[in-house]
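full-length UniProt numbering numbers the first residue of the sequence shown as 1 and each following residue consecutively.
None of these hints come from the bench; they were simulated from the model. Misleading hints may appear alongside valid ones.
[As the list claims (entries may be wrong)] Quick list of the computed label-pair ranges, beta carbon to beta carbon:
(1) Gln127 - Val69: 42 to 52 Å
(2) Val69 - Lys179: 35 to 45 Å
(3) Ala100 - Asn56: 15 to 25 Å
(4) Gln163 - Asn201: 22 to 32 Å
(5) Ala46 - Asn201: 18 to 28 Å
(6) Tyr48 - Val98: 34 to 44 Å
[What the hints assert, rightly or not] Here are the simulated BS3-like pairs of lysine-lysine, each with C-alpha atoms no more than 25 Å apart in a straight line:
(7) Lys161 - Lys150
(8) Lys132 - Lys171
(9) Lys70 - Lys110
(10) Lys161 - Lys120
(11) Lys171 - Lys161
(12) Lys179 - Lys134
(13) Lys120 - Lys150
(14) Lys150 - Lys110
(15) Lys179 - Lys110
(16) Lys179 - Lys120
(17) Lys132 - Lys150
(18) Lys134 - Lys70
(19) Lys134 - Lys161
(20) Lys120 - Lys70
(21) Lys70 - Lys132
(22) Lys171 - Lys150
(23) Lys132 - Lys161
C-beta atoms are modelled at their ideal positions from N, C-alpha and C, and glycine is treated no differently.
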Amino acid sequence: MSTSFLIILPFAFASRIPFFWTILSDELKKIGDVSLLNRINTALGAEYFLKSIVRNNSSRSFIMLSPIVKYNNSYLLDISDDNSIFYSGLDFRVRYHVGADSWQGFYHFKYITLSDEESKVYLAQVQSFISKQKNPDGMVAYYTLQSLSKGYNYVFLTIWKQQSDFANWRKSSDYEQLKYYESEFQVTPVDALYTVNEFINIKG
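Kindly produce the complete structure, drawing on both the sequences and the hints.
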């Protein structure tokens, strides 16, 4: 089963110290017949360390991600919709979601920091733009996530059926419009590629 993740985050990927964060929403949201989890707990660290977490929590549902770049850390996603078993310092809630909820696909994350005034303008621009567009070919879903501990930190997530769909979108006029919004706030993302190593206790 081959699935790829493109993650844009301002983290030091070369670090050997495990890094943890949690993605949360205030309540269970539903898009049509597809429900979005209340929370997604994730861990970043050495693969052997993450596998020890899996062994010690056999009732949980996990997705293990392996990095494309040799010296980057692996990722472990806990999608059990339960309290975090990690020592997380970053919690996010879902501010906006259009599309489906699926673990299959190519993931693009963009992490940005905005002041209160900037966030009001930027979020209004981006979400209005996204809501008015017909979903680009291959786009599964779009999310806006906001940090609960540091409300000025945001993550923008798009999920794609495959990497080529995302690559095509980046060449489109729609993407250029979003890039214009980014330039207004001097957003400088960092990129990393991941593939699915293993699904653990996940049905279907």
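Consistency of the hints with the structure:
Checked against the given bound of 42 to 52 Å, the beta carbons of Gln127 and Val69, roughly 31 Å apart, lie outside it. Taken as a hint, the range 35 to 45 Å is violated for the pair Val69 and Lys179, whose Cβ atoms sit roughly 24 Å apart. Taken as a hint, the range 15 to 25 Å is violated for the pair Ala100 and Asn56, whose Cβ atoms sit roughly 32 Å apart. At about 27 Å, the CB distance of Gln163 to Asn201 agrees with the hint of 22 to 32 Å.
Checked against the given bound of 18 to 28 Å, the beta carbons of Ala46 and Asn201, roughly 22 Å apart, stay inside it. Taking the beta carbon of each, Tyr48 and Val98 are about 38 Å apart, inside 34 to 44 Å as hinted. With a C-alpha separation of about 31 Å, the suggested pairing of Lys161 with Lys150 is violated against the 25 Å cut-off. Between Lys132 and Lys171, the direct Cα distance comes to roughly 19 Å. Compliance with the 25 Å bound is thereby established for this hinted pair.
The hinted pair formed by Lys70 and Lys110 meets the criterion: a straight-line CA distance of about 21 Å does not exceed 25 Å. Of the supplied pair hints, the one linking Lys161 and Lys120 is violated, its CA atoms being roughly 31 Å apart against a limit of 25 Å. About 17 Å separates the Cα atoms of Lys171 and Lys161, which keeps this hinted pair within 25 Å; it holds. Pair hint Lys179 plus Lys134 holds up; C-alpha atoms about 18 Å apart against a cutoff of 25 Å.
Using a Cα cut-off of 25 Å, the hinted pair Lys120 and Lys150 holds, with the two alpha carbons roughly 15 Å apart. Between Lys150 and Lys110, the direct Cα distance comes to roughly 16 Å. Compliance with the 25 Å bound is thereby established for this hinted pair. Straight-line distance between C-alpha atoms of Lys179 and Lys110 comes to about 12 Å, which keeps the hinted pair within the 25 Å bound. Distance hint between Lys179 and Lys120 is fulfilled; the C-alpha atoms sit about 17 Å from each other, no more than 25 Å.
Distance restraint check for Lys132 and Lys150: the Cα-Cα separation of roughly 29 Å exceeds the 25 Å cut-off, and the hinted pair is therefore not satisfied. The suggested pairing of Lys134 with Lys70 is violated, with an alpha-carbon distance near 37 Å, which exceeds 25 Å. In summary, the hint linking Lys134 to Lys161 is supported, as the alpha carbons are separated by about 16 Å, within the 25 Å threshold. This hinted pair does not check out: Lys120 and Lys70 have alpha carbons roughly 38 Å apart, beyond 25 Å.
As the CA atoms of Lys70 and Lys132 are separated by approximately 40 Å, the hinted pair breaks the 25 Å bound. For the hint linking Lys171 to Lys150, the alpha-carbon distance of about 33 Å lies beyond 25 Å, and the restraint is violated. At roughly 21 Å between alpha-carbon atoms, Lys132 and Lys161 fall within 25 Å of each other, so this suggested pair holds.
Of the hints listed earlier, those the structure fails to meet are numbers 1, 2, 3, 7, 10, 17, 18, 20, 21 and 22, in rising order.
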